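Student: Since each chain comes alone in its own frame, lean on the hints to assemble the complex.
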Amino acid sequence: MNYKDPKLQEQLAAEYVLGNLHGQARRRFEHLLQADPHLQAVVASWSQRLDVLNDQLPPVTPPARVWSEIEQKIPQNNDNPWRNVVFWRRFGAIAASIALLAILIGGFYLEKPDTPQHVVFVTNNKAQPVWVVKAQAKQRKFRIKTLVPTRMPANKVCVLWLIWDDGKTRPIGVLSDNVGETSLPFPPGIRNTPENAQLAVTVEQADSPLSQPSGEVIFKGPWVRL
Amino acid sequence: MSRPADTQTALLVELLAAIADGDKNAFARLYRLTSPKLFAIALRILKQETRAQECLQESYLSVWRQAAIYQPGKASPMTWLVTITRNRAIDLLRKQRTQPVTEEAEIETFCSPGNPVSITDQMAMQKCLDELKQEQQDCIRLAYFEGLTHPELAQRLALPMGTIKTWIRRGLQQIRQCLES
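Respectively, the protein sequence lines represent chains A and B.
If you count the first sequence from 1, position 131 lands on 131 in the working numbering, and the numbers rise without skipping.
If you count the second sequence from 1, position 31 lands on 257 in the working numbering, and the numbers rise without skipping.
Think of the hints as simulated: they come from the structure by calculation, not from any bench.
If a hint is listed, it holds; no wrong ones were tucked in.
As a list, the in silico BS3-like pairs of lysine-lysine whose alpha-carbon atoms are at most 27 angstroms apart:
{"#": "1", "chain 1": "B", "residue 1": "391", "chain 2": "B", "residue 2": "359"}
{"#": "2", "chain 1": "A", "residue 1": "168", "chain 2": "B", "residue 2": "300"}
{"#": "3", "chain 1": "A", "residue 1": "141", "chain 2": "A", "residue 2": "168"}
{"#": "4", "chain 1": "B", "residue 1": "391", "chain 2": "B", "residue 2": "273"}
{"#": "5", "chain 1": "B", "residue 1": "300", "chain 2": "A", "residue 2": "220"}
{"#": "6", "chain 1": "A", "residue 1": "73", "chain 2": "B", "residue 2": "273"}
{"#": "7", "chain 1": "A", "residue 1": "73", "chain 2": "B", "residue 2": "250"}
{"#": "8", "chain 1": "A", "residue 1": "73", "chain 2": "B", "residue 2": "321"}
{"#": "9", "chain 1": "B", "residue 1": "353", "chain 2": "B", "residue 2": "391"}
{"#": "10", "chain 1": "B", "residue 1": "353", "chain 2": "A", "residue 2": "7"}
Coverage of chain A stretches by chain B, computed from C-beta distances (three or more under 8 angstroms per stretch; other residues unrestricted):
{"#": "11", "segment": "10–18"}
{"#": "12", "segment": "33–44"}
{"#": "13", "segment": "47–60"}
{"#": "14", "segment": "68–74"}
Just so you know, these numbers come straight off a predicted model, no measurement behind them.
Don't be surprised by glycine CBs; every beta carbon is placed ideally from N, CA and C.
Bound-form chain B, shown alone (with noise of 0.2 angstroms):
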């Protein structure tokens, strides 16, 4: 992927807009430019391999369903597709939760030079995580990869559930005042 991002934008635009159409090519190329992004968003989230592989699975048959109700002025469409991942992980992990694991795979993180398509975004964002305190970083990381509970997130880092709830709402305002100065 080394268009820049708005033409990489127009073109899923133009892809999901086809695919509304019921274009199987159009669908097949949406997916071979995005699903290795959202493949290493649900091995990230759910830790293993087949879970994760279901995950998406499951994700492009909502894409191809729902393409139609997308509306490029309210998310961009990286950002719909990653929240559909995202979302279904999310409630597969809730579920997992319930069942022992028995495939762990160590998933590698957060050692990429990242994606060039969005190096300054990716740049301000890091800057501005950067400047927060670590734990507080961790939290952030923590209840976004792993859907931690507040409570979770407690017991995880060994400290009151009260000092975890200000420690992410803090961070995160730091985020968006640091994002927008």
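If we strip away everything but chain A, and leave its shape as in the complex, we get (with noise of 0.2 angstroms):
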């Protein structure tokens, strides 16, 4: 089959929003979907379209309890120091302190000075970053500095996310708590700089498999080249 014929793509996205693709071939039109933004736009068009169902249907208030449960099952405290993303909304306002910070942090990401380097400062909702992450092309790792030392829930780990320009999400890996050095490899079939990429910080559980990020989101943004 040739996923790329647009008529066979339009045939496979109806047939996928309206519940009909079942099985491998729904993995395997998912697997496809994560990697291609114009599949994705049909896919929301399609949605968009059959939604109309959707509103032939009368509308039904949820008894009270189906709230009050939800709201139990949210974080209590509004303070939530992981929940960060607003600050790369700001970013322009600190770009000059992260390049103090730059400064300090001093040799750990300026090696070579004709390189150029690209780095991620995921920050707390305080917008102090906790981690630095820098991408190494040449070795394929990512060099990862704790800066300072985070306290998790139990049985909960921060995991650190590479969003390609495709829009696949692939795993790095598990953020160390404790302050100090780490590196993780770059995930498989990814050589080059991840200049165009996101990364993406989530809470998941410890023993749940990483494979797609389930937890809450707690940081997105991009690489900034230095």
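Tutor: Dropping the structure here:
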């Protein structure tokens, strides 16, 4: 099957949204979908079209206890230090402090001034960097510096993900809680510097397999070229 | 929900951005605005009140966790929320099929005057659906709301599987051409 054929893409996307692709065909389609922004757009337009069928359903207010149970299951503390996506919206304002930080951390990333360096500062909700991740394309690994110790709830870990410009999310590994430096290899298939990629951090169950993020997204941000 | 569609969409996008920052009030507001529609979808697919409540709860917990990765350019917020709920409901439905059904609820369907937010879209879609043969319409609704596979549809409608496949495929093509014309 030629999955690049627009007619076939339309047909599969429509059947996928309809719920008509099953088993292996569904898994194969979802695999393609992850890596293909065009196919994602085709699926989105079919979702929107067929959503009109839902408009024919009379709305039903759920019983109040459904909301009470949802409310009990979300974190009670509004000041969750790991919810910091807002940081990147304020990125411009604190770029200067990052430059200063670069000087303070010294030699960590500026090994060869002539080689472009790509780093991501993973910050908490007070815009304080907690981890610095540097991509080393030659060695195909990430060097990660934990700047402050983190206190994670029992059985929870922070997991680092690479969102490639094809839209596909690949696991990198578990971030260390302890101050110091570690390194993690590039995910399979990633060779060059992930300049167009983004990094994300989610909180996952310590014993869950690292295939796709399922936990809370606490950080998402682009690489900074230095 | 009597706001114009684009105001409603802009509000939902704003609420999702606030939820991504951990704003519980925004989450409560999103729930109030969208849960009647999502609950109706879950009920229609699962046909059991308790299962539909479970589905709704799990869907909103996913929304809370995943709001930060919602991309407004890719799908409208309502489509994103519906997709999360439908996928969860279909997962639960497949689990449910392996267990005996103990609590059946009578679910009223297709009798609502519809949501004024998308009345134009709804009328266009309705018109396009009406142009299909009745059997094709039944196939599409059964697949969408009951998550039936091709063999299950063939069995339910006592027709060969090849016919079912062709009806659905052609029906979807016709809908697209009709909506674009």
